[in-house]
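Using UniProt numbering, the letters of the sequence shown correspond one by one to residues 1 to 662.
Since the hints were made in silico from the structure, they are not lab data. Check before you lean on any hint, since a few could be wrong.
Stated by the list, open to error - Restraint ranges, calculated between C-beta atoms of paired labels, are given here:
(1) Asp-155 x Asp-127: 21 to 29 Å
(2) Pro-130 x Asn-545: 48 to 56 Å
(3) Asp-315 x Arg-26: 48 to 56 Å
(4) Glu-37 x Asp-127: 28 to 36 Å
(5) Asp-345 x Arg-26: 34 to 42 Å
(6) Arg-26 x Glu-254: 44 to 52 Å
(7) Glu-646 x Ser-304: 50 to 58 Å
(8) Ser-310 x Glu-128: 54 to 62 Å
(9) His-178 x Pro-357: 27 to 35 Å
(10) Glu-128 x Arg-271: 22 to 30 Å
Ideal Cβ positions, reconstructed from N, Cα and C, are used throughout, including at glycine.
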Amino acid sequence: MSVLLTGATGFLGCRLLRELLAHGERAITVLGRGTPEALRHRVEAAVRWLDTPPLAPGAPGALGTVRYVSADLTRPGLGLSPGERARVTEGATALWHCAALLDLGDDPAPLHHANVIGTRRVLELADEAPSAHLLHVSTAYVAGRRSTGVVMEDDLLDTEGFQIPYEESKYNAERLVHAWANRTGRDATVFRPSLLATDRPVPPGLPAQPADTLLDLLRRHLRNWERAVPAPALPRRPRDEGRVLRVRVTGDPEGRLNLLQADYAAHAMVRAAKCPHHGAGVRTLHVTHPRDVPFATITEALRSRFPYLSVTMTDGRVSRRTPLERLSAEYRDLLTYSAHRRTYDRTNLLTSLDGLPDPGPVDLDYLVRAFAPVLPAEAPGRGERNRTAPYSGPEPSSAGVPSPAVPSARHTSWTSVRAGRRDARLRLYCFPFVGAEAAVYLPLAEFLPDSVELCSLEAPGRGGRSGEALMSSVPELVQALTGVVTADAGARRFAFFGHCTGGLLAYETACALAAAGRPGPDLLAVSGVAPPHAYAARVAEAVRNPALLTSLMDELVADARLRGVAEGAVAEAELLNHVLHVPAPAPPLSCPVTVTGGEDDSFFTPGLLDGWSTHTTAGTPTPRLYPGNHMYLMDQWSCVAHDLTEDWAAVPRRAGTAAGQD
1 MSVLLTGATG FLGCRLLREL LAHGERAITV LGRGTPEALR HRVEAAVRWL
51 DTPPLAPGAP GALGTVRYVS ADLTRPGLGL SPGERARVTE GATALWHCAA
101 LLDLGDDPAP LHHANVIGTR RVLELADEAP SAHLLHVSTA YVAGRRSTGV
151 VMEDDLLDTE GFQIPYEESK YNAERLVHAW ANRTGRDATV FRPSLLATDR
201 PVPPGLPAQP ADTLLDLLRR HLRNWERAVP APALPRRPRD EGRVLRVRVT
251 GDPEGRLNLL QADYAAHAMV RAAKCPHHGA GVRTLHVTHP RDVPFATITE
301 ALRSRFPYLS VTMTDGRVSR RTPLERLSAE YRDLLTYSAH RRTYDRTNLL
351 TSLDGLPDPG PVDLDYLVRA FAPVLPAEAP GRGERNRTAP YSGPEPSSAG
401 VPSPAVPSAR HTSWTSVRAG RRDARLRLYC FPFVGAEAAV YLPLAEFLPD
451 SVELCSLEAP GRGGRSGEAL MSSVPELVQA LTGVVTADAG ARRFAFFGHC
501 TGGLLAYETA CALAAAGRPG PDLLAVSGVA PPHAYAARVA EAVRNPALLT
551 SLMDELVADA RLRGVAEGAV AEAELLNHVL HVPAPAPPLS CPVTVTGGED
601 DSFFTPGLLD GWSTHTTAGT PTPRLYPGNH MYLMDQWSCV AHDLTEDWAA
651 VPRRAGTAAG QD
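Sequences and hints are given; from them, build the entire structure.
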């Protein structure tokens, strides 16, 4: 008897896995993208951060028994060989399909590929597991544009259309499940959860709740209100405007949203799955909250996070839009697409739950907690380390943008952005890339061992030092960094890590330390960047063909966590010098160089990452590739931290390091 699960790296999927383990399941196979080892690190980091449900006696070690198999919804046959398909389906009694692409954009193609064709491929796998009960996770929003009345659990209609392609893709996936059940005579359970939430803020690097997309958008677009030096590309507060920024969005002022606690949803789904399903066919359950949340309560909770923001919904056309209203118009659906007056029938759900009490209220207090910023001390696996060395800078975001709701401290130190124990034996210096603040690397710290302190280097003009003039000369910046690292590290062992242009900056700093006869890093880890000679050729090609840079910027803008980086890079024209700068020739380094990148990076393609071996005498392994594009790092913190730690552990202690620092 075994259980197959897709989507375990997601916000709901990791909770389903923990629930299954808590209910005593011991033979679980997780199917997901990436290598089995990378998949394991992502899933275990997410599941271990959860504090509920308590695992059953003997189950704390059960997470280590989960099997991980590489699979991809977008590939024929899920990318599994016939032998792999036979192994994963042998003895399977349940197949949970939780994986899906959640995108509120207007491009239907990727949604159809992942959610519709991907579901068809999972159903083909179910054909090879004749004893497996299919459990398909859909969404309550297959109801589409229907705005009033009671949506029954057996309703599956497209007569009123859909607001966004995501809803339509999940509707079509459900139709496939019904057709499969009719064709095979098998039974299936379809779960339709509403908008899921948690009142425990999720640290960067772990599966985020849907509301975080909206919070990141607001945090990024509002930062100019508290910035000493506003970025020209973003709206700033007019001189004659008060302390409240008013934003109007179009929608039903009396609209309500159905939000449900994600932990409750996972518990209810696993419990309902064990309820006997008599007869063939599809049983559909609305996994929704019995009480909706007025949109006004949502906006009031947002004010707790952004005290100077006032959002109002109007059912008329918004005229004379403010700069922020114009910027956020394309994201209106994040605020309004789930606001309706309809309700959801829960008869099948309640019958299957056998007396499980209703969830607690999702009220103003709950949402205030859900929208609260993530503090480093709350991050997973840090515990006492963060209380020993608290982060005193601005609140970090996944895009390295400080929240305007927290007054930004004015640092004058290059090394003020730290995480971990100050007395740690090892120190990892991180070099931000163009447009990013030092805080962009803080998620990496959450997965480093206690023996490593992360120190992300903050240059003038960025982050907490935004009131200072930018240092546009790269040689000047490198000269300053060599002194900073030497003074800060002392006899402690250290390593360098940098992504994109940050990787080149780390390389040049290591070269400068060597040229000055100063101790250098044990290890140089570069991410998403070609070696100097190939970088120069690629930049020259981009100058001739601007579409290359446009493609890269599109990747940044497409990721809600990174639009602030794109805006910062464009707004601060002096940073163009950093992009065009090519390191001067230098003798090979004596430390090892490791190279990582994204499998789908369109700018620094995997082939361009080769060649770093000529810049070191200590050897360079084959570039390590992770799922994702140029900014793969934002979704791979735990894997990168694990691999970087292992690479560093394999490096002998450098000469001149105090023995006590080993």
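Status of the hints after comparison with the structure:
Separated by about 27 Å at the C-beta atoms, Asp-155 and Asp-127 satisfy the suggested range of 21 to 29 Å. One distance hint, 48 to 56 Å for the beta-carbon pair Pro-130 and Asn-545, holds here, with the actual separation near 53 Å. Taken as a hint, the range 48 to 56 Å holds for the pair Asp-315 and Arg-26, whose Cβ atoms sit roughly 54 Å apart. At about 29 Å, the beta-carbon gap between Glu-37 and Asp-127 stays in the expected band of 28 to 36 Å.
Here the CB-CB span from Asp-345 to Arg-26 is close to 35 Å, well matched to the stated 34 to 42 Å. Range check, Arg-26 to Glu-254: Cβ separation about 49 Å, and the 44 to 52 Å hint holds. Between Glu-646 and Ser-304 the beta carbons are some 42 Å apart, a value that contradicts the proposed interval 50 to 58 Å. For Ser-310 and Glu-128, the Cβ-Cβ distance of about 55 Å falls inside the hinted range of 54 to 62 Å, so the restraint holds.
For His-178 and Pro-357, the Cβ-Cβ distance of about 31 Å falls inside the hinted range of 27 to 35 Å, so the restraint holds. The given range of 22 to 30 Å is respected by Glu-128 and Arg-271, whose C-beta atoms sit roughly 27 Å from each other.
Figure legend: structure checked against the earlier numbered hints; the only hint not met is number 7.
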